[in-house]
Structure formats: C-alpha cells, structure tokens
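**Q** In this text, residue positions in the sequence shown follow our numbering: the first is 586, and each later residue adds one.
Hints in this document: simulated from the structure, not taken from any laboratory. Model, not experiment: these values are computed from the prediction. Think of the CB as a built atom: it goes at the ideal place given N, C-alpha and C, for glycine as much as any other residue. There's no promise every hint is true.
In silico lysine-lysine, DSBU-like type, Cα no more than 30 Å apart, as pairs [stated by the list, open to error]:
1. K733 x K786
2. K834 x K1001
3. K1001 x K1012
4. K786 x K1001
5. K786 x K629
6. K629 x K894
7. K663 x K733
8. K894 x K733
9. K1001 x K959
Restraint ranges, calculated between C-beta atoms of paired labels, are given here [unchecked claim]:
10. A857 x M759: 18 to 26 Å
11. D984 x A693: 47 to 55 Å
12. R948 x E656: 14 to 22 Å
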Amino acid sequence: MLIHDRVYDVSEFVRKHPGGSVIRYYLGQDATDAFEGFHQRSEKAHKWLKAIPSRPVRADDNFTTDTRSRELITNFQKFRQGLIDDGYFKPDYLHVVYRLIELVLMFALSFWLLRQNFFLLGIFVGGIASGRCGWVQHEGGHHSLTGKVWLDQLIQKVTISFGLVTSGPKWNAMHTKHHATPQKEDFDVDVDTLPFVAFYKEALERGRRIHMTPNWWLRYQHYTFLPVTSVFNVFFWHFYLHPREYLFKRPDPLTAVVVASRYIVHYACTLAVHGWFLSTWTLFASLFIAGIYLFGNFSLNHTHLPTTKADEERTWAEYGIDYTMNVDCNWFVNWWMGYLNCQIEHHLFPTMPQYKQPQIVERTRQFCQENGMKYQSMPYIKALGAMLGNLRNIAHQVDDVLPPLPERQRAYREAKKARSLAAMADKETASEDSDASSVPVTTSRAAGKGGKLTASKRNPSVANLSTSESGDGDDDVRSDAAFVPPASAGGRKAAHKRGQRATVAAK
C-alpha cells in the first residue's frame, strides 16, 4: 500500500496489525488519508510504519490510475493541512470536562428520580445518559477528546463500560471498518446488518446470513427497526458479543470492573427502595431507551444513501463526501446527536474534536464545490423520514427478490458443500504444485474477509506486495525487499472480489 509517497510491504504486518483486518481494505491502494485519519495522534503507529519495509513510489506504480482521484487526494490533503494550521485539530480540555460532568449529573438525576418513584422520567434520563456515554466514548475511540491517545482510550473504556455495558476495543474493531469504507457492500459493518435489517436491495440478493432471515421479518423492518431491532442489537452486545471479548478472547480487567460497577451503583441506589424486580426493570428499560437513542441517530447520516460495490475503490474524500450526509446544524441537534450530525466532516477528519466540526461546515461545503462534489445536508425530521422511508422501500421489495426461506437455506447448504469441495481441490492442487517445484508458495489472507488463500493464484494484489526481487540500486529501500508494482486497477478489483466471502446467493 502507498502512504506518504512510499510503498510499504505489509504482507507480514497484516497478520499482527493491532487494528485487525481493516488494514486489508486498503491493500494495493493509496492509504495515506486513511492512515492519518486513524493514526494522526498515535506515536506508536508512526513508529511501526517506519519499521515496515518500504521504498519510494515509482512512476510505474499503479495505486491511483484516475487523474481526478489523484487531484482530489492532493486537494484534500491541502484542505486538511489548512485546518490543522488554523487550529481546528487542537483539543479543548474544558470541553472534555464539561462533557464528563454532564454525564455524571445526568446519571445522578436519573437515580434520584427513580428513588422518588418518577419511574418513566428516571428511565428516560438514564437512557439518554447512557446514550450520551456512547457519544463520548466514540470520540475517545478516535482520539479526538484530549489528543492524548492513552487518556482518550481510558475515557472511552470508562464511559462505554459504565454507560453502555460494553467494550471500547471491541467497538473500535467494528467501527474502524465503517470509517474505512462507509456504505461499501460486504465491508461496512454498519450496513452489513442481516439477518436483523436490510438497508439496501443488494443485501436481499446476496447478503451474508440472508439464509437466516424470514421474509415476514424484513417485510415489516421499517416498523421494527427502532423499537425492536435497535434494542435487540444493544442487548446482543451487552450479553454476548462484548462480554465474549473482554472476559474471554481478550481479557480486559478494567472493562470488566467498570461494567460491574454500573450494576453495583444502580442497585445500590434503587434496591433498598424498590426491590429486585423494579430495580432490574428500570436498569434494562434505560438501556432500551439508550438503544433507540443511539441507533435512531447513527442511522440518519448514511444508511439510506447509495452503496458502492465490494470490488470498487474510492478515495478517502469520496467515501466521506459521497457516502455520508449531514443533518443541519442548530444548537439542539448538535447536542442531541453529539455533533455526529456533521457526519461529512467527521468522516473526513475523525481525529478533529467533534464540537469544532460545525465550525468548518461552510469551508467543507466550499471544498466540495471546488472539486465538483455534492455536499448533502437536510433537516433532522427529513433525515429521519429518509432513513425510515428507505427501510420501507426495501421491505416492499422483499417478496419480489427473496425466494422462500427453506429454499434459501437449501441453496446455502449446497453452496457451502461446493465451497468445501473446491477448497479441498485447491489444497490438493497446491500440494501437487509444491511437490513439482521446490519454489515455496507465499500465502496471505485475501484483501477481503475470506480465509487463507494461495496469494500467487488467488489474490495477485497481495502476491505482488509479498514478492521480493533484487533491487536496482537506485531506490531508497528501507529493507532488503524491493517490490513488484501493484496490479492494475482492474486486477485489484478482480482480486478483491475473489477475496470476499462466498455469498449465499450462488445461483
């Protein structure tokens, strides 16, 4: 991949990338803006980058073939540097203190209301407080609160563990995939949401886990999304997905302690007054409100916009501008959505303190006009209608697109069996080829979400990154390995597509 005019051989690094598999999303591409978007403030990431074998980019390298894309990348980097020079990336500690005090006061008010038997109001305030922990932890995950990575990570862990009873690192692993490729089919986890909800028509045709989704459920998804699906997802995180991470897969004592403290504090404040049943009911009712609050706002900024195909490539700026949209700014919407109503600015500059993003809306709009791009923004109620309207439109196509569930399940089993047989045949062929020649075959995981494949046969893009040859002596190479230029754009797309998980829609 290309970062700051240097070609990096990440064929070995991808397996130990701290951020997980998201690094594969940019194999064979210019990843400069993505690297800065994720790692601007991380000294560790920059040190790791220097240790990876690299060389200067050459004229015959084919990372960005489109002239417009090259111009857009250059213009965006100038725009970003101008905002840095003007101080928009500088954190404000007083703002962080205000956000944390607000959370403490809201939880205190919620517990007081519950003790005074104002159940509905106490539950509502507690739910909003939990949801607003989601806004703060989100900024901590992007290192946009204090600018100190360790402190932002600590704030994130405490707020997400207490407020949402979930894990910060697990959230980050999921959320970075959304930021890397928003609205990209099979990549963006925010729209890869089956079997619970389908945000775009193609998900019905070839989405993963479509074999698990009954037609009747999707037929009414515009009614169930907020009160049922959103809440189910939150509780799925609470009781399975995140505990599995911080208790077993990657034990995290701090997260476990803070999660436990949420239960302890809640019961300490309510148990003596209301008993076990009411205390437990009010706790989970507040998390119910938090689920609706979070998902109802998360979904406004992009889920109803067009998607991009799994084998298509976009620049960082195109992803942020063409595949997200803003909700018009005013003081209440800014507060209610935790400044995520400025979604375009957030996707372009995730390490910028979010409370400053409303201040650069006009500059971003001007940048879009100068580069022939559409800056999309609409009022809150209209955005809510667009999101629910999109779900309704997809729901109305369910019976036209989807065969009955038993038929899909049968097709899934047959496709799974065919993939297993093909994998066995490939393994036997690779073994025979290896025996026939003494040249070892380099293997790497495909650029998508697939399993371990033979790079030289199944993924030319990855194979090129991991191939070594003698240098010509003219390049400033930081290791003994020189590089074969990446595959052409068409080759990368084909390889990328082959690397994706086989879908159920095999006809």
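**Q** Please go over all the hints and tell whether each is borne out by the structure.
**A** So, going through the hints one by one against the coordinates:
The hinted pair formed by K733 and K786 fails the criterion: a straight-line CA distance of about 42 Å is larger than 30 Å. Note on K834 and K1001: the hinted pairing holds, with a Cα-Cα distance of about 27 Å set against a maximum of 30 Å. Of the supplied pair hints, the one linking K1001 and K1012 holds, its CA atoms being roughly 17 Å apart against a limit of 30 Å. A C-alpha spacing of about 23 Å is found between K786 and K1001, which places the hinted pair at or below 30 Å, so the restraint holds.
With a CA separation close to 41 Å, the supplied pair K786 and K629 exceeds the 30 Å bound. Distance check on the hinted pair: K629 and K894 sit about 33 Å apart at the alpha-carbon level, beyond 30 Å; violated. As the CA atoms of K663 and K733 are separated by approximately 25 Å, the hinted pair is consistent with the 30 Å bound. Taken as a hint, the K894 and K733 pair is broken in the structure, with Cα atoms around 36 Å apart against an allowance of 30 Å.
A hinted pair counts as satisfied when its Cα atoms are at most 30 Å apart, and K1001 with K959 does not qualify at roughly 42 Å. At roughly 38 Å, the beta-carbon separation of A857 and M759 lies outside the given 18 to 26 Å, and the hint is violated. With their beta carbons about 50 Å apart, D984 and A693 fall inside the hinted range of 47 to 55 Å. Against the hinted window of 14 to 22 Å, the Cβ-Cβ separation of R948 and E656 comes to about 19 Å, which satisfies the hint.
Violated hints, in rising order: 1, 5, 6, 8, 9, 10; the structure is consistent with all others.
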